[in-house]
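There are 4 protein chains.
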Amino acid sequence: MNESLLARYHNTRQASVDYCSPLAIEDYGLQAADFASPPKWHLAHTSWFFETFLLKPLLPGYQQQHPIYETLFNSYYNGIGQPYPRAQRGLLSRPTVAEVLTYRKQIDSAMQALLTAPDAEHVDAVIERTQLGIEHECQHQELFFTDLKYSLASNPIYPAYREATRHGERPVGALRWQEFGAGNVDVGHAGNAFCFDNELPRHTVYLHAFALADRLITNAEYEAFIEDGGYRRPELWMADGWSTVQEQQWGAPLYWLDGDSGAREYTLHGLIERIPDAPVCHVSGYEADAFARWSGARLPTEQEWEFAASQAEGPTGGVDSGHLHPKAACKSDGTLQQLYDSCWQWTQSAYTPYPGYKACEGAIGEYNGKFMSNQLVLRGGSCVSKAEHLRSSYRNFFYPPDRWQFSGIRLARDTG
Amino acid sequence: MNESLLARYHNTRQASVDYCSPLAIEDYGLQAADFASPPKWHLAHTSWFFETFLLKPLLPGYQQQHPIYETLFNSYYNGIGQPYPRAQRGLLSRPTVAEVLTYRKQIDSAMQALLTAPDAEHVDAVIERTQLGIEHECQHQELFFTDLKYSLASNPIYPAYREATRHGERPVGALRWQEFGAGNVDVGHAGNAFCFDNELPRHTVYLHAFALADRLITNAEYEAFIEDGGYRRPELWMADGWSTVQEQQWGAPLYWLDGDSGAREYTLHGLIERIPDAPVCHVSGYEADAFARWSGARLPTEQEWEFAASQAEGPTGGVDSGHLHPKAACKSDGTLQQLYDSCWQWTQSAYTPYPGYKACEGAIGEYNGKFMSNQLVLRGGSCVSKAEHLRSSYRNFFYPPDRWQFSGIRLARDTG
Amino acid sequence: MNESLLARYHNTRQASVDYCSPLAIEDYGLQAADFASPPKWHLAHTSWFFETFLLKPLLPGYQQQHPIYETLFNSYYNGIGQPYPRAQRGLLSRPTVAEVLTYRKQIDSAMQALLTAPDAEHVDAVIERTQLGIEHECQHQELFFTDLKYSLASNPIYPAYREATRHGERPVGALRWQEFGAGNVDVGHAGNAFCFDNELPRHTVYLHAFALADRLITNAEYEAFIEDGGYRRPELWMADGWSTVQEQQWGAPLYWLDGDSGAREYTLHGLIERIPDAPVCHVSGYEADAFARWSGARLPTEQEWEFAASQAEGPTGGVDSGHLHPKAACKSDGTLQQLYDSCWQWTQSAYTPYPGYKACEGAIGEYNGKFMSNQLVLRGGSCVSKAEHLRSSYRNFFYPPDRWQFSGIRLARDTG
Amino acid sequence: MNESLLARYHNTRQASVDYCSPLAIEDYGLQAADFASPPKWHLAHTSWFFETFLLKPLLPGYQQQHPIYETLFNSYYNGIGQPYPRAQRGLLSRPTVAEVLTYRKQIDSAMQALLTAPDAEHVDAVIERTQLGIEHECQHQELFFTDLKYSLASNPIYPAYREATRHGERPVGALRWQEFGAGNVDVGHAGNAFCFDNELPRHTVYLHAFALADRLITNAEYEAFIEDGGYRRPELWMADGWSTVQEQQWGAPLYWLDGDSGAREYTLHGLIERIPDAPVCHVSGYEADAFARWSGARLPTEQEWEFAASQAEGPTGGVDSGHLHPKAACKSDGTLQQLYDSCWQWTQSAYTPYPGYKACEGAIGEYNGKFMSNQLVLRGGSCVSKAEHLRSSYRNFFYPPDRWQFSGIRLARDTG
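Residue numbers (the numbering used here), protein chains in the order written: chain B, 1 to 416; chain C, 1 to 416; chain H, 1 to 416; chain Z, 1 to 416.
Next up, chain B with everything else stripped away, as it sits in the complex (with noise of 0.2 angstroms):
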């Protein structure tokens, strides 16, 4: 067996629990929406995730601990039964954190039993699904830190996830274009590495000439548009985000603070003084929308933004770097920066099926394709994105108006 998967599983599991050591227990069950899950339950789900499609179906004489976790800790997959309502995960006081860490240990250990002496019938299921494993897990890792976020967010006492790293930021220069032709180009996943289902098929599509922006747009030209009445013109919205932005009462983005404290803002490094240069976070789909409208641009397609990015330098940077929070751009030479490690980049195109697409047989095809209605796809990646999990076919995918993701704004527009 693959030893370098072996070591990737361990290395992925690991970080999971070590993401976790600067909680307090009593965080562990924290669930301030029905969307953020509670650290507790990511790192019980992502266990599950290997038992329920691993270890049950491929590993001669598994036998389960605590059959009442397939219910606990399954997400959404019908196929394996109906889960235990996401609204209520955070009355799960047990099991423990203790006990859940036992469950994860278990896990390892038949997971490598697995790893190390698969079926002969059984090894390409075995190394595809621990790869979607691994994968999932990483995703799961990035839903911790904005789950966390999230809730830590909903106490006054404003609790830092960990100190920041010290970092200088410096100035950003001014916008620039970066242009491209018409013309038929192919787009999804290409080559033998992993990739999500919903990558693919690769397929041609027929783009019209664009610009992308060189950089993401900053918190100082996003309170500009506050500052125009962005949030109290209607002409600049769609009608469903004119609709949330008077129900939800949104005035700035989340966790921005304004008052006689000064422009300050909440970051898994607690409250901080906002930085102008930084790119502006935590908008909604229609927030950006409405920005781009604002600014007589608009947001890049899903298939501009992908087209763009092959050609530039991929994914480094994200969760390992240790800063939990975008910084400024550092170049201005007119390439594409900040297009994996600052923020997600809300897209102006529906998540639905590439031509073609084929969700996989069983429960495991619920992981993706039973979600393509009604959400957008953001592109890139974010500053607690591993870039190992990254490449330019990614497809993120959230409502328009969710804002707990670290979602950012990269304008596009129509040439030629």
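Hints are computed from structural coordinates only; laboratory data are not their basis. Virtual Cβ for every residue (Gly too), placed ideally from N, Cα, C. It is possible that some hints are incorrect.
If you only want the chain C side, here are some residues facing chain B, beta carbon under 7 angstroms, derived [as the list claims (entries may be wrong)]:
1) Asn78
2) Asn184
3) Thr204
4) Tyr206
5) Pro234
6) Asp240
7) Gly356
8) Phe371
9) Asn374
10) Pro400
11) Asp414
Computed footprint of chain H on chain Z, listed as stretches where at least three residues anywhere in the stretch have a Cβ under 8 angstroms from a Cβ of chain H [claimed, not checked]:
12) 73-80
13) 205-213
14) 232-241
15) 350-358
16) 367-381
Chains C, H and Z: place on chain B using the hints.
Frame of chain B, contents of chains C, H and Z only:
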């Protein structure tokens, strides 16, 4: 000024009133849901449209008679001011029906003046906006029927809007597929005739090889889906669709009644026995998608539909046929039938702007553009559409869970 | 059979129709809230009551004409079957107004037959239930006015039900108190005349010494409460009242409009300037209680009110006076005024059964008894009550947050 | 200063901590409903009470350590400021359990100083408020158990708070009635010992002749009600109760589980087989009322209960017995049993002020008075009450639909 435009103006205006003739006064105020406006409101709002976008800005010396109508009969144009709440339109017992009809006459008389002798500098604007106002009124005529049907259906008496004309149904043949090859094609409105802004600009897209069903899915075919557990099998549904099925407890299309009296359906001609070979209608986008998945096919993209339809016969039939319920397909020669005269056809395409799309300036720009989020495109037309109002590039749009339109299912599949 | 009963039957029935005469047909279906039934529904339901509890069980050979009305016009009698949902009464455009008036005539004609020649064995039941049906219709006449007022008020046109009769307002004197000593007294209905079951049995209670205000609180006095921050000071309110103030954003009684046009109030005679010396009305039980606390007094118990009223002049005035809004008190001699003809008076007494209370057998027993939870008793009567329908032992009841009745404030306090 | 007060202070404070000893750290933050506060919050809030009403105003030089606790741990005292939202108490992972225990020690140490050497002029206030703070903490100890039970029950693991002590159940005898004659009696607290303000003033009421059941209704008797269709027969219910049954789909008391594993019940000792002769508990006021109606009896008034209990034996048993679930009655001699040690007993009395009631001045006056609307009085005590905290004049109060307290049924009936 264009004689035929004036004639078309008066014909359209008269049709709105004629459609109301079977109603009791008590019916004019009915509103059984937020989205279902009362007949009286449609009569008033379509007049408001001409008053707001033509008479006030373009007829010198025009005096509005009822300042409060500006608020009461504004639908959603924030540029004109805060509209009276949509959900409360049924609470406006005043102005009475007679007063609204008087209002219509006042508007018509002023429009006659404007169209007969427009200011030289505004001739183009007058023509353009009058055309838009006419098409706008055609859209509201269709909504008049679908809204009225919805509201009458909440009455256990199940009142008929009007008696059915007799018509024989013949058995439909097996579903056949028309095939189309891959390549770049142009979609979007071509030529100088009227179209909505969302049909522009005409632009190139790349289509993969596909096939389109020659007719719509029938009631009998949909019953087979239900009998096969269609509404109880989550693997057939989008996640949001499955949630909707659970919450709304859907088990059949809207208006189906099954019980001791057999398989029945509420129609504008009253409760009838369901006709197996007639197209299924009043299904949501989620149901259309689940049915397609169950049958091993998929929904078409809007570009596929348009490209195929652009090569087929244009719109005929519809509301002017007098039969206000879709009829069974009558040919079986493999050519595309029921494109425009039966049910709108859900596509898998999100309603988004075409490349290079520009909304009009001012409040009238709110007509289409601001709805380009969270909705799906439907193509074609229905038994309550006016044929002359339709064309192959026409983009209708509703939310995936919406069911009160005459919406049905045309399948597509990948080939080659 | 009793001639006067027959006469009273016909007079009452005619009054219901007469009260509708100022309405447009469009008004008959109005329902602006769950609790506000449309005029047409009141006309039909009061007929349903006679049909259900008299004609069907007691008139041999009676044939119901419209079986579906049994469901449509049942209010809340589970013993009769599942009623059509209360919140949807406004959606019944059919039967039309003309059809409901025909239904009324059919019932009246059958009732005439029953009352003229009842079965010997059922004479008592016929008389008793006819009396109940008449009083029931009087209650619905009052609801007709309060529901209609509520529904018309949702129209920014603020339609008047009918023009006001002229009447001069004279200044009221300072509030004076009438004192009552401690001791055992009897409360509950005495004598053989009609009363509702909830007024029985007459029974002994011990009253502590108390005083009662001689007149109702005026608009001017209530304005002083508002100006003193009444709606912003939680210490003046019951906890549930304070929550309601926050949620509903109350800042004044229902129907008050304050703005550039001065202090106005919507009445059944249209928008008027608010009269400082007229009684404040359309306040909830919470507001009445908070006002009383602010003024250093309290609300009376229902026993205190009844004992005091039983020694005062009986009911006069009310709806038959033709003025459908409460007028200022006109005497200042310390005797109790405005007991029955202005506004119902909130008490601090929960609506609970009297000691030994028994509801009637069968579905008619649902009339009063099942509402004896969560409601407060109001005593007296109002400007839209029929005087002959009232008495000192009459118990009206509404939920503490209800405001759409003509409900006002009479203060009490402890003495001795 | 009073030695015994100091001892009682420390004993009570220690008990709150002791009750938590079986918990995992993860349990301290659990909140499964708005009304169910987490254990940690109870620990903090009871300390906040002493800090707010004693230390800050009455201990010279007292410095609060954690200004934000003033907001976080305020329950509902608007006079102190806007409390942190009740529904979000479970989101406060910080302060941690250890920090809250430190807070408790800081308060205890300051209270020790205050109680040892109070200012001469404040001695009375210090004693009075310390007594109130102690009784307040006793109330929260009971809520600790009922809230914890509710929150743990949302976990399909059904964790036990702690193992049960063994105890044998003996069969109960037939229900017997104790009779009381009519006449004036005095109710309300008498004497100088501590009582809450809502038990005053003692006052005269007239009681009609009545009888009271000698014991509580058992599970077996309640099962007979269910089997007789109790939850499906609207004629047995208050209208609001019936609506609640429909909306909540109630078919049994809270915590009952019936299925393949037989008749079970969740208790603080885990899932157990239901004991037929043990008192039914966790029923709402609506269910108690419906059961009483079904059995041809009624609920007692609070005055009847108090008058009867004042002649019976005082409180014993309760939480100090160590068995945290009600046990079967053990005598059958017709004397009143289970008054204080099993389940609180719903009365038919609305929670309203006694004649002449006055709340305290200032924020502390919000303790009881502002809840005197929409709630019912319960009398007695429960298996999780401290016996020394109870007395015959004690008025507990909850909303009619509430079920998470140990609330049961004692019947009454009219006699003579």
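Hint-by-hint comparison with the structure:
1. About 4 angstroms separates the beta-carbon of C:Asn78 from the nearest beta-carbon of chain B, less than 7 angstroms, and the hint is met.
2. With its C-beta approaching chain B no nearer than about 6 angstroms, C:Asn184 sits inside the 7 angstroms limit, and its interface hint holds.
3. A distance limit of 7 angstroms between C-beta atoms decides the matter here; for C:Thr204 the minimum to chain B is near 5 angstroms, and the interface restraint holds.
4. Given the 7 angstroms rule on beta carbons, the hint for C:Tyr206 holds: about 4 angstroms separates it from the nearest Cβ of chain B.
5. At a threshold of 7 angstroms, the smallest CB-CB gap from C:Pro234 to chain B is about 4 angstroms, leaving the interface hint in force.
6. For C:Asp240, the suggested interface contact is upheld, since its CB lies about 5 angstroms from the closest CB of chain B, less than 7 angstroms.
7. Nearest Cβ of chain B to the Cβ of C:Gly356: about 5 angstroms, under the 7 angstroms cut. The hint holds.
8. Interface hint status for C:Phe371: upheld, as the beta-carbon distance to the closest one in chain B is roughly 5 angstroms, under 7 angstroms.
9. This hint holds: C:Asn374 has a C-beta 5 angstroms from the nearest C-beta of chain B, less than the 7 angstroms allowed.
10. Below 7 angstroms, beta-carbon pairs count as interface contacts, and C:Pro400 has one with chain B at about 6 angstroms; its hint therefore holds.
11. Hint status for C:Asp414: holds, given a least beta-carbon distance of 5 angstroms to chain B, under 7 angstroms.
12. Given as covered by chain H, the stretch 73-80 of chain Z passes the check, having 3 residues with a CB less than 8 angstroms from a CB of that chain where 3 are the minimum.
13. Only when three residues or more bring their CB closer than 8 angstroms to a CB of chain H does the claim for the stretch 205-213 of chain Z stand; here the count is 3, and the claim holds.
14. Beta-carbon proximity to chain H at under 8 angstroms applies to 7 residues in the stretch 232-241 of chain Z; the threshold of 3 is reached and the given coverage holds.
15. Look at the stretch 350-358 of chain Z against chain H: 5 of its residues bring a Cβ nearer than 8 angstroms to a Cβ of that chain, three or more, so the hint holds.
16. Only when three residues or more bring their CB closer than 8 angstroms to a CB of chain H does the claim for the stretch 367-381 of chain Z stand; here the count is 5, and the claim holds.
Checked against the numbered hints above, the structure violates none of them.
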